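Modelling step: build the complete structure from the supplied sequences, incorporating the hints.
Chains as they are written, first to last, in the numbering used here: chain D, 1 to 116; chain A, 1 to 154.
A couple of the hints might just be wrong.
[Said to hold, decoys possible] Okay, the calculated bits of chain D under chain A, using three or more residues with CB under 8 Å as the criterion: (1) 61-68; (2) 82-90; (3) 93-107.
Derived by calculation from the structure, the hints in this document are not laboratory data. Here the structure is a predicted model, which means the values were calculated and not measured. Beta carbons are placed, not taken as given, at the ideal position from N, Cα and C, and that holds for glycine.
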Amino acid sequence: MIPDEAHGVIGLQPSACTSCMICVRECPTWCIELESHTEEVSEPGARRPKTINVLDAFRIDFGLCMYCGICVDLCPFDALAWSPGFDHAASSAGGLVHGINELVNWWPATNPSPAD
Amino acid sequence: MISLALMEVAERRTPERAYRVAGAPALRIVVLDVGLACCALEVGAAITAGLLVPDVAGPGVPKGIDATVLLISGTVTDALAPGVLRAWDAIDGARHAVSFGACANTGGPYWDAPTVTKGIDQLLPVTVYVPGCPPRPEALIAGLLRLVDETATA
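Here it is in structure tokens:
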């Protein structure tokens, strides 16, 4: 009854996320929160260490989320994807906010990890 | 007009539309649907799909009902908020509020609008929040079943 392409819930693949903030900035309701820090990585043979972003926190407030999928569409690294599912009611408004631990579990099993 | 209809429901002190949840015969709740925006269409879809069954006992809370559920589905503007509150106050006995959809949960897409309530829980106690914009009819049923779980353990 529920089509496969239904906007159920949004999953995250943290290893693919570069903390570019595009999803955060383009979200119409600003329901995404992202925290990251930068680290220097030295590679052998490189002239100087390069700086990479390390993802610390990624939260989606599904109480605000319009399930429009703009974040999923715009992510340049395919770190966000739709998953089926609809049973995510909560007993508090704060219970609708989900962090990396839950979002990882909602990464669709049919999607190979873009990082692999 | 919606506001007037709400007031009427509140004045008469009887639920205008009562439903039971199909697929859970042991479930004894009456749902009072306050449809304020597009989320209300999903409630209609749930009825069409047979997930929510209109209560045959007609208006009034039928015998054996444990609780009346006020389902707030839609945008609660400042103009409509008093109507919602009166509908809430008009419920006799055990009652629970279910916030259905982003607008009722947090204001949703209108989070920045000065005339929209930033979540119905600012006005009355909410037992279950159903996320979505709008949530699927199945999400409504899942939310109502969750309400039963919540109240059973409470």
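Verification of the hints:
1. Given as covered by chain A, the stretch 61-68 of chain D passes the check, having 8 residues with a CB less than 8 Å from a CB of that chain where 3 are the minimum.
2. With a cut-off of 8 Å between beta carbons, the stretch 82-90 of chain D has 5 residues touching chain A; three or more are needed, and the interface restraint holds.
3. Counting residues of the stretch 93-107 of chain D whose CB falls under 8 Å from any CB of chain A gives 3; the rule of at least 3 is met.
When each numbered hint is compared with the structure, no violation occurs for any of them.
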